[in-house]
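Trainee: In case you want the letters, here they are:
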Amino acid sequence: MEERLYHGAAYYPELWDETIIDEDIELMKQAGISVVRMGEFAWSQMEPEEGKIDLTFFGEIVDKLYKNGISTIFCTPTPTPPIWITHNHPERMFVNRQGERMSHGARQQICTNNPDFIAYSDRITEAIAKKFADHPAVVAWQLDNEFKCHVAECYCETCLSLWHEWLREKYETIENLNAKWGTGVWSETYQSFDQIPQPKKTPYAHNAALDTNYRLFSYDKIAQFAARQAAIIRRYSKAPITHNGHTDFQVDNEKLFAPLDFTSFDDYPNCDDWNKMIYDYDYFRNVKQDGKFYVMETSSGHNGSILGYEHIHRKDYLRAEAAAAYAGGAMGFNYWLWRQQRSGVEQNHGHLLSSWGKPSIGWDEVLKVEEMRKKFEPIFLKTKVKKAELAQTYSATARAFFFTEPLERIDYNREQVRLHKILIDAGLAREIISDNADLSGYKMMITAYLPAIEKTFLRNVLAWCEAGGTWVVGPLTGFRTPDQSVPYDYALGIIELVMGFETRYFYPVKDSGAAATYSGITAELTGLGAAFEEKDVKVLARYEGGRTPDLPVIIEKPYGKGRIVVIGAIPKGEAGEQLLLKLYGDCARDAGIAMPYSPSQGIIFYEREGEDGEYLFVCDMQGQGGKIILPGLYEEVETGTRLSGPAAVGAYECLLFRKIK
Amino acid sequence: MEERLYHGAAYYPELWDETIIDEDIELMKQAGISVVRMGEFAWSQMEPEEGKIDLTFFGEIVDKLYKNGISTIFCTPTPTPPIWITHNHPERMFVNRQGERMSHGARQQICTNNPDFIAYSDRITEAIAKKFADHPAVVAWQLDNEFKCHVAECYCETCLSLWHEWLREKYETIENLNAKWGTGVWSETYQSFDQIPQPKKTPYAHNAALDTNYRLFSYDKIAQFAARQAAIIRRYSKAPITHNGHTDFQVDNEKLFAPLDFTSFDDYPNCDDWNKMIYDYDYFRNVKQDGKFYVMETSSGHNGSILGYEHIHRKDYLRAEAAAAYAGGAMGFNYWLWRQQRSGVEQNHGHLLSSWGKPSIGWDEVLKVEEMRKKFEPIFLKTKVKKAELAQTYSATARAFFFTEPLERIDYNREQVRLHKILIDAGLAREIISDNADLSGYKMMITAYLPAIEKTFLRNVLAWCEAGGTWVVGPLTGFRTPDQSVPYDYALGIIELVMGFETRYFYPVKDSGAAATYSGITAELTGLGAAFEEKDVKVLARYEGGRTPDLPVIIEKPYGKGRIVVIGAIPKGEAGEQLLLKLYGDCARDAGIAMPYSPSQGIIFYEREGEDGEYLFVCDMQGQGGKIILPGLYEEVETGTRLSGPAAVGAYECLLFRKIK
Amino acid sequence: MEERLYHGAAYYPELWDETIIDEDIELMKQAGISVVRMGEFAWSQMEPEEGKIDLTFFGEIVDKLYKNGISTIFCTPTPTPPIWITHNHPERMFVNRQGERMSHGARQQICTNNPDFIAYSDRITEAIAKKFADHPAVVAWQLDNEFKCHVAECYCETCLSLWHEWLREKYETIENLNAKWGTGVWSETYQSFDQIPQPKKTPYAHNAALDTNYRLFSYDKIAQFAARQAAIIRRYSKAPITHNGHTDFQVDNEKLFAPLDFTSFDDYPNCDDWNKMIYDYDYFRNVKQDGKFYVMETSSGHNGSILGYEHIHRKDYLRAEAAAAYAGGAMGFNYWLWRQQRSGVEQNHGHLLSSWGKPSIGWDEVLKVEEMRKKFEPIFLKTKVKKAELAQTYSATARAFFFTEPLERIDYNREQVRLHKILIDAGLAREIISDNADLSGYKMMITAYLPAIEKTFLRNVLAWCEAGGTWVVGPLTGFRTPDQSVPYDYALGIIELVMGFETRYFYPVKDSGAAATYSGITAELTGLGAAFEEKDVKVLARYEGGRTPDLPVIIEKPYGKGRIVVIGAIPKGEAGEQLLLKLYGDCARDAGIAMPYSPSQGIIFYEREGEDGEYLFVCDMQGQGGKIILPGLYEEVETGTRLSGPAAVGAYECLLFRKIK
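First to last, the sequence lines map onto chains F, C and D.
The first sequence begins at 1 in my numbering and counts up by one.
The second sequence begins at 662 in my numbering and counts up by one.
The third sequence begins at 1323 in my numbering and counts up by one.
Honestly, the hints are just simulated from the structure, not real lab data.
Note that the coordinates shown come from a computational prediction; the quantities given were computed from them, not determined experimentally.
Note that the Cβ used here is the ideal one computed from N, Cα and C, for glycine as well.
One should not assume that every hint holds.
What the hints assert, rightly or not - Here are a few chain C residues that face chain F, going by a calculated C-beta distance under 8 angstroms:
#1 W847
#2 E849
#3 H867
#4 E1069
#5 P1257
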């Protein structure tokens, strides 16, 4: 892809009379649209009958756009198989956990592990790859679209065999599987791999390891499907390959994107949930550890379908959202969708143009985005996001564990977003990284809700702590083995041993009347909680009330040149967020992380750096404005004004400061 | 049917020892019961074994009742097929959207499109029709009972074939269907009609047109089933034919009743929801555009079954409910049921007699109804309901659209009832008419929640406006094509063009902070909202706050001698109701509709007219009494008192005034 | 079983490395564990392949424990069939009402009526019975575990045939069944038994008798399964046989325990719901009318699984719970479980030892229990619970009726627990007895929510009333026949006739504005309510407001030397509880029941008696302490202090007083 900040939209020329293409292009130019994403739902147009593939139409559109300065991200159309693939083929259809076999309609109605489907997918993928192999307009490829957005694990017959195969590879012998899963409980012991069921309906819960492994199996299989499409494309094209992912889909993004070239995603929070977008930026920037991502879809105003809609963004919000994306590492920012769907399901989704080509309510907002983009592009292309010194651990496997074992209805992603928001509020720059990520450069890492700590991760962390890192661990971390059983020797598993602290009790603290006070802030505690021994540890907070009064709940220990802080239970509600904000801030300060900007609530920032110097991007996401402290002399890029100390930020205002000294 | 006001009850002599019949008849006379409805659940009594039909029992009952002055409305017994039809015949059973095939039990467990079932239905229908062909006691026929009250569309294999046939007839070519439905979206394009699925389980929503058409298909098929039974009966009998319908069942009442002779219905709102009964009267009076209907079932006190019950009516309410029915066009008023069910499912439903023949808590209320009925009958038989000058549009198709596309969980019927209640509160006489109805005589029409405006309807409306009609359109009207897609050229479709206004934006106004003020009343706005251009329109209200401040939301335009008022968004909550009440009132006044009575809240009225003069029926439905203004000199019929101006109405009091001058 | 107070725990040695057994035994001794319950989930360990049964391991464990003074309650392992029974045998699996066939996993996934399964069950049961036939360590047998805890009635094909057989036995002819069930309603009449469906999915509710009978059929079948296992064991062993039951499972405990030797149960209310444990004690003590029971499972702290957990008991609560059990008739008090599950589903359940053998948060509580147990044992072994003079009727059949006909979402068990709690609060000692129980010794009986009064029960009650008993009947009693239809002649059936009162109206009082005042306490009324005739009755309370103002709602009549009090409607909410508390108290006083102790809220007591004299056990269950009145001179057993009149009870304190005079 070219070095530019793309501004784009999803485009469905196959749904419209060809006569409107020229009109569309003219309007795209007006709106500053430099790229379209195309083709992901067009299989029946490309191959209306089995084997009769004709890509002429798309070739012409791509050419025409290119002549008008508009590039294309082309997609494989596999999320929506044509009727000739599914009709009279129930065995190819997706089956959900309740045993319901999907009918034709909507999307993802097919099992992506079905061998017939895979053959069809291979053929259309190859045809497209060939067609646009060397086309300069096609600046990138998108595989399929939103894998597993509507569905989770498939329970069809094909998947049953593949499941057995996957288990055999993972566990090698049935005895090993029985031991690891602890199948002795409830006489669930298996005699051979082919007896192991998919976790379908039973009178009560399945063995935790069975349930979680089936999710992991599904994550692996969809990643394999993506890798297979990518491999086909690479035979013909050098353009980079991505997928349009999401944090909430039923995939392991790290695995999924590993064989691809860059990350892209879509998300549609309404403007009140702006921090979810920042979360996405901070997460997808790190999935491939390259500091980049692409916002492949978001709305110019509101998410919606025939089934309902979100409320519309407030005026000027979109500009801030897009500016933060570019500032946070986005190579591009695309809308879904250009022209309102006339039919189907998504007629009520925000769009740039109405079905009849009239600027929608989002149009003026898009023009503001383009104005901003043009202003920032020169500087953003010369700089990169400065990697934060604080990391937050994310694990798709941990999320799978919590689906199986939700305890107090814990939603893994919601909890991670909550912690991330606390970091924003604390004015802490941060990266969300996987437990496989390289830790170099980080001064502090927050690892919470990670039931099983993999050995390689622990080894990395220990080395990093030894060298000076501050690890803030917990709550709900380390209390399970990789097969979701209870560790053999310690409540919080191996970390107790290596870190040298001890848990006296591990029990449900929920509604027991327990609280904790840190630095004057008292919060109720909840979750499965660890009450620690007061032995060789510095106590940062103790249980107050409840069943284990006075026992330590937040402790600290030095480790090599670094240290470890262990949070034993979940600080609840807003008070809990205040407590964590204070604790994280103190830990960061002690770890030597600078927190100079003290942004008001709702103000976010990204530091960027490059040959050209250091920059500070600041914007208000909440619509109320506020201020930020400039810790030195800065020049506001647009106006050239120099200032230091407190700087006002207007409602949804986006500012770029160059650091002078 | 005779010219009388029937007062009746549902009767199940087949469930009781014959010895109680005489006791029943004696008590019916005491209660003033002049007609019974019989036979609808008695198939297994009539045809205990396949083909062995014996109607002797019912013949004797009908005779005995007739000798005692009690007529019969006889039913076909098809809602409850005997076990010998369903046992070992899964292929005949109803299948719901979730794919669950019904078991024997309850009612409507069979598919009414199943050819075997239709043959059985034909045979029993013919046998009954023959039996009572010329019987003077049988004053009317009821087909089946409450079609589609427990079930909606069937998803069995028979229905799949019929669906393909129905689509082929409607769309002729698959290309036409693909175009109309916009199946290009998500590659759902069909190659032939036989590939089109029933809208069963998919990962997400089906194409809107597929989903809605399946409902319309089902409406057509059940209407055909009714027509088939009616045709058989007509071969033998001249007595008029009806069905016991409802506004909330999964049918198109207009289609269903078209081949029948009069409308009848049941409903069971508790006394707090009295306006739902008035709604029914105003609706069913117009389904056949004949000003008549029959209340085939309601409770003497409360609705109930083994699964629960409504709270019981307050004392004296029943009389008001019945009086309003007769005054509003009812030919009869029947209770469900005469004698409490001893077994089955409905043991806890209100009744006139307990299982052991003792007057129930409703008995005295029924006596009050009969007293009222006798008092009003002479005048009601000489007069007819005076047709109101205000119409409210109702469309079963629109309702189907909202099932598919509920937006903000819009319940079409609940919204129509809400608007109707506003009209009651405004003291406006009204008719609820279909979009196929003749508009002559109306001065104003309210058309809301009608996504697709059919051409013939628009043509009628335009001619009527041209001639002076006031059309109050919206919210949520005109924004879809008849195939539930987005119109080609305008947000609100063709009405923009022909009426000469223009929508600038059409977007979800929900929770955007938008409000509107009309005549001093401010209400929050919600729904998909239109913000209009201020071009050649008179602005009645503007958006305040939100995303489109100052743009018009309620506009007015002259059209020929008439005018059009367009409401762009939903005024929300009670304030919204106040706003609409004011707006509707002003529009009515400007349209030349007299609103002389100014009834207190809870007081309703019907004007009646005939050779004998003009009458005003007034009653209190809410139990708190109030007053009404008599705009001239009137004589209270019962007492002969003459009065004008304010007249008091007691709690649940029913009054009939003759207009003197 | 020996004459001692057992203190035990569930033990799963099969899940652990044999090396920990010695460690476990040592810790059991420390905790005072004298018995373990073993084997119930160990089928796959005992018979890892079909027919290869090896019980050596369990033999050795039992021996080793015995050598250390620890007895065993051994179980049949049938709740968790091994994979070789279920794999590839869908026809053996349990099918729920929704038609979902269970997959392998969890527990109770098989149909206990399946003949193959029964054969496997017979064989393993016989092998175990033989193995431990004369073993002195095995002090009792437990059949299976928690029958029907996760599942209710099975809807498989086997059950369909057995259902037909069961019906044929019960009703003899199809005509009789049709008459009793009133199948004429909705043409559901059957021609033969084999046509009668299982009550699977229909468009609406099934015939009430069909639905309820299917539940009763299921209750019978599971009791037969238990009896079959018991008979096999008895061929080899003289040790007493029990089952681990529960009040909330889908069984008829009276039938289930009839062929067994003693009752045992598990329950896991958190400490706030302590009265549920007392309810269990008062119920299970009477199921076999022997004044004994065994608490087979409860938690040392909290109930939990991977799906969630209850909040943990407050400190010291466990001792009170256990003391009340022993005082109320418990032969033993066992925890679930000894050592935390490492895997499976129940990792988060309270335990005595963690997976790695460390005392858990419950450990110290268990030590307190043991201390208490040792203190009370000598006296409790010399005395028995003194049977209360007040009985509360419980009927599993009535519960089945309310599943079918819940009216206002009535949960039968919740209502019985509510009434029982009122009795506790009133300071009334009570027994919960079935409608088959011997009434001798009781002065008063409360019978509520018993829709159908069986003839034998009524005959017993009448004789008992005649001789002086006070029967407090209602609400919702007598209004159905044994086939859940409406009685032939009276609203409340035969009791009206024999007791000589009359119901004028029986109707839903819910939300009708009706209240009643008794002894100055006014409560809203709800439920299906009876309004009585004021004829030969003493009126204790009348309807106020509503539809039947001034009619009697609580009446009294003498009967022989006794009397009957009839409560016509449900007194609602807390005021209703106050009203009933007053009414029950007055009735008890009039019936000659002494109520001398006047315990504070949360204080409970049990009277015990024996050769050694009379004792009063008192404890606080609520954690706030309080007092009780000692009506005479008592000696506190532990301290020897003598006192009379008010005696303080500390938070969760357990006191035992010997009566001096």
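Trainee: Next, verify each hint and record whether it holds.
Mentor: Cross-check of the supplied hints:
| no. | hint | result |
| --- | --- | --- |
| 1 | W847 | holds (4 angstroms) |
| 2 | E849 | holds (7 angstroms) |
| 3 | H867 | holds (4 angstroms) |
| 4 | E1069 | holds (7 angstroms) |
| 5 | P1257 | violated (44 angstroms) |
Comparing the model with each earlier hint shows a violation of hint 5 alone; every other hint is respected.
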